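> Next come the chains, spelled out residue by residue.
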Amino acid sequence: MSISKKIVDDLVANDVSFITTVPCKQLAGVIEEVEEREEIFHIPANKEDEGMGLCAGAWMGGKRPAIIMQNTAIGVTINTLATLTQFYRMPLPMLISYRGELREPVACQVEMAVHTKALLNQLNIPTYHFHKEADADELDAILKYTFMCNKPVAILTDASFWGGYGDQ
Amino acid sequence: MIRSEILREIAPILRDQLVVCNIGLPSQELHMIDDQPTNFYMLGTMGLSSSIGLGLALSQDKTVISIDGDGSVLTNLGTLPTIANNVADNYILLIIDNGSYGSTGDQPTYAGMKTSLTAVAKACGCENVVECQDVDTGKVLQAALDSKKMTIIVSKCDSGNIKLPVITKDPVVIRDRFMTAVAS
Numbered sequence: 001m002s003i004s005k006k007i008v009d010d011l012v013a014n015d016v017s018f019i020t021t022v023p024c025k026q027l028a029g030v031i032e033e034v035e036e037r038e039e040i041f042h043i044p045a046n047k048e049d050e051g052m053g054l055c056a057g058a059w060m061g062g063k064r065p066a067i068i069m070q071n072t073a074i075g076v077t078i079n080t081l082a083t084l085t086q087f088y089r090m091p092l093p094m095l096i097s098y099r100g101e102l103r104e105p106v107a108c109q110v111e112m113a114v115h116t117k118a119l120l121n122q123l124n125i126p127t128y129h130f131h132k133e134a135d136a137d138e139l140d141a142i143l144k145y146t147f148m149c150n151k152p153v154a155i156l157t158d159a160s161f162w163g164g165y166g167d168q
Numbered sequence: 001m002i003r004s005e006i007l008r009e010i011a012p013i014l015r016d017q018l019v020v021c022n023i024g025l026p027s028q029e030l031h032m033i034d035d036q037p038t039n040f041y042m043l044g045t046m047g048l049s050s051s052i053g054l055g056l057a058l059s060q061d062k063t064v065i066s067i068d069g070d071g072s073v074l075t076n077l078g079t080l081p082t083i084a085n086n087v088a089d090n091y092i093l094l095i096i097d098n099g100s101y102g103s104t105g106d107q108p109t110y111a112g113m114k115t116s117l118t119a120v121a122k123a124c125g126c127e128n129v130v131e132c133q134d135v136d137t138g139k140v141l142q143a144a145l146d147s148k149k150m151t152i153i154v155s156k157c158d159s160g161n162i163k164l165p166v167i168t169k170d171p172v173v174i175r176d177r178f179m180t181a182v183a184s
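The listed protein sequences correspond, in order, to chains A and B. In this text, residue positions in the first sequence follow the numbering used here: the first is 1, and each later residue adds one. In this text, residue positions in the second sequence follow the numbering used here: the first is 1, and each later residue adds one.
Simulated from the structure, these hints should not be mistaken for lab results. Just so we're clear, the structure is a prediction, and the values are computed from it rather than from any experiment. Do not take every clue at face value.
As the list claims (entries may be wrong) - Subject to a maximum C-alpha distance of 25 Å in a straight line, what follows is the list of computed SDA-like cross-link-like pairs (lysine to any residue):
no.	chain 1	residue 1	chain 2	residue 2
1	A	Lys151	A	Ile40
2	B	Lys149	A	Asn46
3	A	Lys151	B	Val173
4	A	Lys151	B	Leu43
5	B	Lys62	A	Lys5
6	B	Lys62	A	Asp9
Sequences and hints are given; from them, build the entire structure.
Set out below in structure tokens:
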């Protein structure tokens, strides 16, 4: 089974039925899988804070949401995470491509990578880092944890987890 | 008319609907005029009233009215293409366009200058976009509800504020009360 399929299977098994996405090359496979599933309403967002607003509304409407985005979005969404998701105590699984880690070909991506965990830590956001494919075995438990505690939770997925960038 | 006068006039229409209300003075005014469990007051996060309302409308059947301002829509302009391309006929976006950032001291917005949010919404692909004058807001809002079609209303009004207290309700209480009303 492909890792993208396994991830989306876990989302569906945990009743996640409203997913917003802002694309990243690393996440292309999982976004494609989200789009194909009938159980999921997929709504692409133009910016990640907008996506978090959509997710807040969906959750208040009775659906379990998730956002799929790149780690650069942490810089975009700090205010939304603090004043909407956390302030109103709402659950939000964030599946995040962790650009700027080992095997990264684009130097600028490293500039946000070095701040990613520090920012998440500063925000007291529970953070999990998938580096090897077997790390995704915890996704089911992470999703249950997120909807148990009503917090935003970050799942960082690096290039090694996705199998690198192919021939550079 | 200024925003608070419009809210006072449309309060009887709003009270039967789910309302997501913009940060700052709009929420404080609505809270003072007609506090309802069906009102979700934003205490922060400028710009996301339309997004929260759309997510809510797409996730359940009751009608949702997002009350937004011209300044807030400008700060989250990406919301309009998302709304246009994800039609929810139980969704109304009411933009109270006074051409200024009311909550911060009435600094002018570009919507009060060359930029028409009505034209922007249409260009983004929104199909039912109605621009009206402040005095007609109630009539236009009721017509949008009756049409059962997703509608964007741009209500042009005067800039100006009234003095009133901040909302001191706990955000989790506001949210829990609202979710109970949504599910009832």
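> Which of the numbered hints above does this structure break?
5, 6
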